[in-house]
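Visitor: Below, each chain spelled out in residue letters.
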Amino acid sequence: VTFGVRTVNQDGSQPFPVQMLGQVSGLRYATAWPFGCTTASFDLDVPEGFSHFALKPGRIAEVYDGIHRVWGGTVQDPQRGTPWHVQMTGCAALADDYQPLTSAAVPTADPTTAVDEAILRGLPWLRRAALPAQAGAAGQTPNSLTQVLNDATAAVTKRWAIFADRQLITASDPTTPTYVLIAADTPGSRTVDNYVTDLYLRYYDNATTPALVKTVVASTPYRPFGRYERLVDITAQGAISAVTAQSSANAQLAASTRNLTYSGQVLVQPGALLNRGGVPVSLSTVRAGRMIEPRGASQDPTFGELYFTTVIRWVIGDCEYDVDSDTLTLAPVGAKPNDLTSVLARVMGSPTDTTSSPAYA
Amino acid sequence: MLGPLEINDGNPYKIRAGFDGGAGQLETVSVSRLLVDGEVITGEHTSNRTIVLPITVRAADRSSATAAVEEIVQIVRRDAYTLTWTGDDGSVTVFDCMKGHVEQQWDLNQHKNGVVWLTVTIPALPFVHPPSTSTVGTSVGPTASVQLDAFDNTTALAHNGTVAVQTTGKIEGTGCVMETVANTIDTSATNYATGANGETLYPIYPYTFMFSRALASLDMTGLFTVVSNWYGPGVAYSERAFTLRLTSAGGWREWTGATVQANASNTVYTLPWVQVLFDLLRTPSASSGTFNPAAVTSYTLSGVGGGYSSGNGSATWGVDDLRAYPALAGTITSPSTALALAGVTGIARTPATITVSANQRVTTLLLARAPNPRTGFNPRLTPAGTVFTSAPNAYGGSAVGQLNGLGTYTATYTAAAGTLHGTYLVVTRISLNSATTDTVTVTATVAGSDVTESISRTLVAGVDYTPGPNAYKLQVIGELTLPPTDVPATNYGAAVSIAVSDSGGPGSAGIQHDELYLIDMSGEAFLLSLPLTGTPGFKYFQIVPPDQSGFGSQVFAGMQADGSDWVSVTAYVLGHGAINLNPGTASLLVVLDNPSGNVTSGTLAAEFSPRYFAGAVS
Chain A
1 VTFGVRTVNQ DGSQPFPVQM LGQVSGLRYA TAWPFGCTTA SFDLDVPEGF
51 SHFALKPGRI AEVYDGIHRV WGGTVQDPQR GTPWHVQMTG CAALADDYQP
101 LTSAAVPTAD PTTAVDEAIL RGLPWLRRAA LPAQAGAAGQ TPNSLTQVLN
151 DATAAVTKRW AIFADRQLIT ASDPTTPTYV LIAADTPGSR TVDNYVTDLY
201 LRYYDNATTP ALVKTVVAST PYRPFGRYER LVDITAQGAI SAVTAQSSAN
251 AQLAASTRNL TYSGQVLVQP GALLNRGGVP VSLSTVRAGR MIEPRGASQD
301 PTFGELYFTT VIRWVIGDCE YDVDSDTLTL APVGAKPNDL TSVLARVMGS
351 PTDTTSSPAY A
Chain B
362 MLGPLEINDG NPYKIRAGFD GGAGQLETVS VSRLLVDGEV ITGEHTSNRT
412 IVLPITVRAA DRSSATAAVE EIVQIVRRDA YTLTWTGDDG SVTVFDCMKG
462 HVEQQWDLNQ HKNGVVWLTV TIPALPFVHP PSTSTVGTSV GPTASVQLDA
512 FDNTTALAHN GTVAVQTTGK IEGTGCVMET VANTIDTSAT NYATGANGET
562 LYPIYPYTFM FSRALASLDM TGLFTVVSNW YGPGVAYSER AFTLRLTSAG
612 GWREWTGATV QANASNTVYT LPWVQVLFDL LRTPSASSGT FNPAAVTSYT
662 LSGVGGGYSS GNGSATWGVD DLRAYPALAG TITSPSTALA LAGVTGIART
712 PATITVSANQ RVTTLLLARA PNPRTGFNPR LTPAGTVFTS APNAYGGSAV
762 GQLNGLGTYT ATYTAAAGTL HGTYLVVTRI SLNSATTDTV TVTATVAGSD
812 VTESISRTLV AGVDYTPGPN AYKLQVIGEL TLPPTDVPAT NYGAAVSIAV
862 SDSGGPGSAG IQHDELYLID MSGEAFLLSL PLTGTPGFKY FQIVPPDQSG
912 FGSQVFAGMQ ADGSDWVSVT AYVLGHGAIN LNPGTASLLV VLDNPSGNVT
962 SGTLAAEFSP RYFAGAVS
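One line per chain: the protein sequences are A and B, in this order.
Take 1 as the starting number for the first sequence in this note's numbering and just add one per residue.
Take 362 as the starting number for the second sequence in this note's numbering and just add one per residue.
Please note: incorrect hints may appear among the correct ones.
As the list claims (entries may be wrong) - For lysine to any residue, the following SDA-like pairs were computed, each having C-alpha atoms within a straight-line distance of at most 25 Å:
id: 1; chain 1: B; residue 1: 460; chain 2: A; residue 2: 47
id: 2; chain 1: B; residue 1: 473; chain 2: B; residue 2: 404
id: 3; chain 1: A; residue 1: 56; chain 2: B; residue 2: 421
id: 4; chain 1: B; residue 1: 460; chain 2: A; residue 2: 56
Stated by the list, open to error - Facing chain A, from chain B, some residues (calculated, C-beta under 8 Å):
id: 5; residue: 493
id: 6; residue: 811
id: 7; residue: 823
id: 8; residue: 838
id: 9; residue: 840
id: 10; residue: 885
id: 11; residue: 931
id: 12; residue: 934
id: 13; residue: 937
id: 14; residue: 938
Stated by the list, open to error - Some chain A residues flagged as far from chain B (calculated, every beta-carbon gap over 12 Å):
id: 15; residue: 23
id: 16; residue: 80
id: 17; residue: 105
id: 18; residue: 133
id: 19; residue: 143
id: 20; residue: 156
id: 21; residue: 211
id: 22; residue: 214
id: 23; residue: 217
id: 24; residue: 227
id: 25; residue: 250
id: 26; residue: 315
To be clear, the hints were calculated from the coordinates, so they are not data collected in a lab.
A virtual CB, placed ideally from N, CA and C, is assigned to each residue, including glycine.
Using the sequences and the hints given, assemble the complete structure.
Guide: Quick look at the structure:
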């Protein structure tokens with residue numbers, strides 16, 4: 001197994017494979033669902049006084065396993081030292097550095113317009129699939145592309161991500177497993193932290209002028225673990241209809257009540273992750289957003305699943321691969337952190353959190 | 362520059378007792394399971410050895426001894442150097458060393474007499490090798506020509522004229538959606554003989570494609586009623602996009618028509634010609650054949666549009682103008698070779714300087730090594746079943762255009778389940794004429810199982826490929842863990858079907874697949890992709906592995922065999938930049954490609970120094 005890191009200017013010029021400069025070691029890369037590629041880092045054995053354009057911050061960085069591009073982002077922070085330590089940030093984080101604007105530089109909350117215009121201005125993404133419609137009313141002034149995408153996907157129970165191919169995708173959580181995990185570990189215990197049964201959504205109602213603040217509630221009728229109420233404020237999205245507000249509330253509740261979250265993460269060693277037909281999967285190719293069906297772990301379903309007869313499955317929320325040890329660290333979607341605001345900001349993106357950005361724990 | 366230093370001849374260096382040559386350490390991972398006792402030990406990487414070299418310097422005086430010490434220190438502190446050990450039997454073993462350190466036992470009296478005791482500690486690469494190198498090589502390139510079919514619709518077969526293969530279905534309008542009608546074709550229809558009028562169906566391997574044109578007409582009588590205030594009084598108006606799907610035993614072909622307009626005065630609409638390909642003749646030596654419309658077991662016609670409709674309509678399907686695709690005389694030359702490179706001595710994976718030559722300029726050079734392939738594993742698959750492909754340069758614009766409207770196109774490859782075990786990267790060779798995007802989906806299934814593995818990737822014109830009639834390019838689609846469901850040894854022969862489908866849609870004509878490569882993710886792969894500007898590509902390539910300092914890994918290319926014009930093309934390497942060899946026989950996939958695929962011969966030579974654990978074996 002041979003890994004390499006290739007960097008290239010954001011305009012596609014001056015490609016260079018970093019491992020040609022010196023020994024690359026300690027390579028790790030991570031993906032999350034949502035957001036796709038999040039962070040990666042490696043050590044580079046070059047002299048402290050070394051300099052090369054391939055390590056310039058802001059260059060597009062691609063991690064290859066053989067010839068398979070498994071991670072994509074930008075060079076973030078090359079720290080001189082012996083060895084150098086080079087940190088990279090996934091492409092999704094660039095959304096924080098681009099304003100959601102129309103071609104006339106007017107703020108927009110429409111994801112398609114905002115993304116396409118940002119790409120024209122230099123955002124190194126590719127968009128080949130349709131995006132959800134904008135959430136909320138016209139005339140909003142969202143303060144980052146991240147917020148626009150978070151709001152729009154949250155309203156339709158989707159998540160957005162950019163993986164190694166730099167293509168922006170939006171998708172719902174998968175419902176069929178990609179992998180079977182022969183567990184040597186569990187993702188920790190089940191916890192009622194972050195669990196929601198009744199979601200109150202506060203919004204501006206456009207039925208009246210001026211618009212009044214109203215609240216809709218989305219509830220699950222099934223509360224085996226008790227009642228857990230949460231308030232989400234989307235007044236920043238402007239005046240919307242009651243129907244839209246209810247739809248948004250339903251979508252956000254759906255993303256929060258699948259089952260109880262886990263409190264930990266799981267370490268996966270070679271040979272422990274299989275495809276559904278029982279063939280070992282190369283761990284370097286695993287990424288967040290795919291579903292896992294663990295086998296052999298003690299995960300009493302009555303402690304966490306809404307439907308006891310369901311086979312336990314979870315969607316990978318955080319996925320980090322360590323090249324040197326050939327091990328994966330996985331955490332289910334919603335496994336961390338431990339309060340709803342953080343969950344929405346990290347996993348879903350809080351519509352109300354105007355500073356929301358891909359947060360990498 | 363320091364020359365070689367002899368350190369055991371007593372002039373002035375002598376190795377004293379306490380020498381330790383060290384040993385490479387295999388790094389292992391212990392994998393445990395919750396429900397199974399014991400742990401599995403895995404690991405491939407071997408870490409460095411540490412050499413301890415106690416050296417006594419015996420020189421004439423203090424200054425001579427000091428100079429000798431300084432010389433040792435200079436060498437030991439280099440980034441990279443070698444230590445050569447000549448055994449009693451004359452065998453020579455080379456250690457690849459890196460920055461070490463020197464300790465001196467201080468004794469001023471002895472120093473005055475020219476005697477200094479040093480202990481030199483040297484980290485070295487884990488495996489040792491002889492000073493000489495060996496070279497294994499072979500010819501690469503098209504090991505076999507593959508006769509493939511090309512489009513040529515110039516030969517009309519016996520029949521011309523519409524035949525009433527007709528059926529009437531009920532088309533019910535509900536609101537704005539016209540429902541699908543599905544009917545069985547009249548199987549009493551006339552057979553269309555080929556070869557009857559002296560046309561020749563060429564003996565083609567693997568398959569002959571039959572070409573027909575299917576006519577569908579749609580009678581919309583009664584479908585549209587005048588509705589007040591719907592697009593204006595007195596006019597019922599509908600715009601519908603129609604999809605016609607014809608299903609035969611071999612699968613189905615679908616055509617999505619342009620928008621059809623119908624109104625009260627135009628209730629019968631004849632759909633445009635639909636061009637349908639059937640792979641009815643599967644006998645390699647067939648010289649004639651029969652096309653029977655009955656092969657079309659059913660069709661569906663569906664549409665969704667605006668407007669209001671109700672009532673029943675009917676649809677008619679017929680066949681006209683049967684044509685064949687005879688083979689062109691040309692053959693396609695596969696750019697790839699699956700290679701078993703024998704004669705690699707040593708006991709560990711071996712860095713090698715690999716030199717590749719080709720008789721035409723190469724813009725894409727792919728090398729892949731499967732570390733421990735299962736018996737029968739073939740990284741290079743050729744398509745079976747229906748595939749539209751041709752010799753490069755052999756198809757023209759009009760023929761390619763006939764692919765328009767066929768929508769999704771699928772090429773199917775097969776491999777034996779027992780030859781696969783693990784995660785493989787799927788690489789296809791695709792030419793796309795005019796599509797702006799093309800989503801390639803690869804799905805694998807094992808005969809007898811409904812568990813599938815699937816991966817897809819959207820290729821983007823201008824980013825992933827340059828559209829054009831001869832724009833072959835290797836495309837990495839993604840990884841599949843194969844077989845999708847494991848099989849016991851008793852069923853190793855089970856067929857794994859790997860279907861590659863394109864959905865570039867109408868206008869994406871010229872999608873062509875030649876080959877599919879399975880790159881073992883537990884192995885190594887090298888991909889050089891040169892930009893296609895100017896006169897792209899080179900005929901000679903050399904991949905130089907990194908030395909023990911980590912530097913020096915380079916890829917050179919040029920047009921002269923002697924290397925006199927070679928320059929580094931390292932910047933265009935994707936992924937890692939070197940390939941190791943397996944001891945024994947290295948299983949290599951070699952692809953020498955350019956957009957027109959005209960490389961017809963080449964060579965590959967690997968120069969290596971065999972790797973050993975304790976000492977070079979002669």
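Visitor: Hint residue 934/B vs chain A: min CB-CB distance below 8 Å?
Guide: holds (5 Å)
Visitor: Residue 315/A clear of chain B by more than 12 Å, beta carbon to beta carbon?
Guide: For residue 315/A, whose nearest Cβ neighbour in chain B is about 18 Å away, the distance exceeds 12 Å, so it holds.
Visitor: Decide, holds or violated, for the assertion that all CB atoms of chain B are farther than 12 Å from the CB of residue 217/A.
Guide: Consistent with the label, residue 217/A stays out of reach of chain B, its closest Cβ about 33 Å off (over 12 Å).
Visitor: Holds or violated: is there a CB of chain A closer than 8 Å to the CB of residue 823/B?
Guide: Hint violated; residue 823/B Cβ to chain A Cβ min 10 Å, cut 8 Å.
Visitor: Is the Cβ of residue 250/A more than 12 Å away from each Cβ in chain B?
Guide: holds (26 Å)
Visitor: Report holds or violated for the interface hint on residue 937/B, using the least CB-CB distance to chain A and a cut-off of 8 Å.
Guide: Where the cut-off is 8 Å and the nearest Cβ of chain A is about 4 Å from residue 937/B, the hint holds.
Visitor: Does residue 105/A clear chain B by more than 12 Å, comparing its Cβ with all Cβ atoms of that chain?
Guide: holds (26 Å)
Visitor: Decide if the proposed pair is consistent with the structure: residue 56/A and residue 421/B, CA atoms, cutoff 25 Å inclusive.
Guide: Distance ~54 Å between residue 56/A and residue 421/B Cα, so the pair is violated.
Visitor: Taking the least C-beta to C-beta distance, is residue 885/B closer than 8 Å to chain A?
Guide: Constraint on residue 885/B satisfied, holds at 5 Å.
Visitor: What's the verdict on residue 473/B and residue 404/B, does the C-alpha distance respect the 25 Å limit or exceed it?
Guide: Judged against 25 Å, a Cα distance of about 52 Å means the pair is violated.
Visitor: Regarding the assertion that residue 156/A does not contact chain B, is the least Cβ-Cβ distance greater than 12 Å?
Guide: holds (21 Å)
Visitor: Run the C-beta distances from residue 211/A to all of chain B and say if the shortest one exceeds 12 Å.
Guide: Given a closest Cβ separation of 34 Å, the condition holds.
Checked against the numbered hints given earlier, the structure breaks hints 2, 3, 4, 5, 6, 7, 8, 15 and satisfies all the rest.
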